[in-house]
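Colleague: Sequence:
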Amino acid sequence: MAAFQTTSWRLISGALGVVCLLLMATLGILLKRSFTRQSIQPTSSPGSTVEPQEGSDCCSCQEKWIGYRCNCYFFSKGDNTWVESRDFCASQNSSLLQLESKDELDFLKFRGRLYWIGLSYNETRGAWVWEDGSALSQDLLSFFQTLDSKKCIVYTSDKEILDEPCGEKNPSICKQQLT
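Numbering (UniProt numbering), first residue to last: 1 to 179.
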């Protein structure tokens with residue numbers, strides 16, 4: 001009779017040991033999957049030398065867009081007129097770049113190209129305005145007196161704003177605000 005009780009307890013303890021191992025393995029797999037999903041980040045734009053910087057982890061951008069401070073940016077490879085560029089950005093649920101801060105200017109480090117941005121001259125208001133109608137901050141860019149109001153605006157790799165005939169073909173920067 002004592003041998004029967006010892007065998008039963010061995011079977012029960014063996015079964016509990018197997019269940020415990022299975023639970024620990026399942027927990028390990030779930031934790032690994034959880035950490036893997038959190039570390040995946042959206043990245044790169046085609047043909048751009050821009051790298052994601054601090055603060056880009058609060059948004060999820062579509063493929064080929066770059067996240068920075070809860071905004072997504074796309075640097076086009078193809079050259080289009082200003083109007084074609086504006087329409088392309090709109091088709092991507094975004095708008096031509098609207099600069100909001102000096103930090104954003106520092107983030108936009110790229111080389112060798114002129115890029116259309118969403119700034120134009122509003123004849124009625126007699127001022128340079130962004131696509132959404134907001135006024136340009138003179139603190140951000142203060143050298144607009146010499147620009148031709150009949151032309152469109154490009155942003156250069158030297159952080160300069162220049163005027164170009166709107167029919168010229170240049171790449172563009174689209175911006176999608178996620179906040």
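To be clear, the hints were calculated from the coordinates, so they are not data collected in a lab.
Quick caveat, the model's predicted, so the values are computed rather than measured.
Cβ coordinates follow ideal geometry from the N, Cα and C atoms, glycine included.
Certain hints may be false.
[What the hints assert, rightly or not] Here are the simulated SDA-like cross-link-like pairs (lysine to any residue), alpha carbons at most 25 Å apart as the crow flies:
id: 1; residue 1: 151; residue 2: 165
id: 2; residue 1: 159; residue 2: 129
id: 3; residue 1: 102; residue 2: 16
id: 4; residue 1: 151; residue 2: 88
id: 5; residue 1: 150; residue 2: 100
id: 6; residue 1: 159; residue 2: 169
id: 7; residue 1: 150; residue 2: 171
id: 8; residue 1: 77; residue 2: 162
id: 9; residue 1: 169; residue 2: 93
id: 10; residue 1: 150; residue 2: 69
id: 11; residue 1: 159; residue 2: 131
id: 12; residue 1: 77; residue 2: 104
id: 13; residue 1: 102; residue 2: 69
id: 14; residue 1: 64; residue 2: 81
id: 15; residue 1: 159; residue 2: 136
id: 16; residue 1: 77; residue 2: 91
id: 17; residue 1: 77; residue 2: 161
id: 18; residue 1: 150; residue 2: 170
id: 19; residue 1: 77; residue 2: 90
id: 20; residue 1: 77; residue 2: 167
id: 21; residue 1: 77; residue 2: 87
id: 22; residue 1: 150; residue 2: 107
id: 23; residue 1: 151; residue 2: 120
id: 24; residue 1: 151; residue 2: 178
id: 25; residue 1: 102; residue 2: 167
id: 26; residue 1: 150; residue 2: 124
id: 27; residue 1: 150; residue 2: 178
id: 28; residue 1: 159; residue 2: 98
id: 29; residue 1: 150; residue 2: 60
id: 30; residue 1: 102; residue 2: 124
id: 31; residue 1: 64; residue 2: 107
id: 32; residue 1: 77; residue 2: 157
id: 33; residue 1: 169; residue 2: 105
id: 34; residue 1: 169; residue 2: 69
id: 35; residue 1: 64; residue 2: 124
id: 36; residue 1: 150; residue 2: 161
[What the hints assert, rightly or not] The following label-pair restraints were derived from C-beta to C-beta distances:
id: 37; residue 1: 29; residue 2: 127; range: 52 to 62 Å
id: 38; residue 1: 133; residue 2: 156; range: 46 to 56 Å
id: 39; residue 1: 103; residue 2: 24; range: 39 to 49 Å
id: 40; residue 1: 156; residue 2: 25; range: 51 to 61 Å
Colleague: Taking the earlier hints as the rules, which of them does this structure contradict?
Modeller: 3, 10, 22, 24, 25, 27, 29, 30, 34, 35, 38
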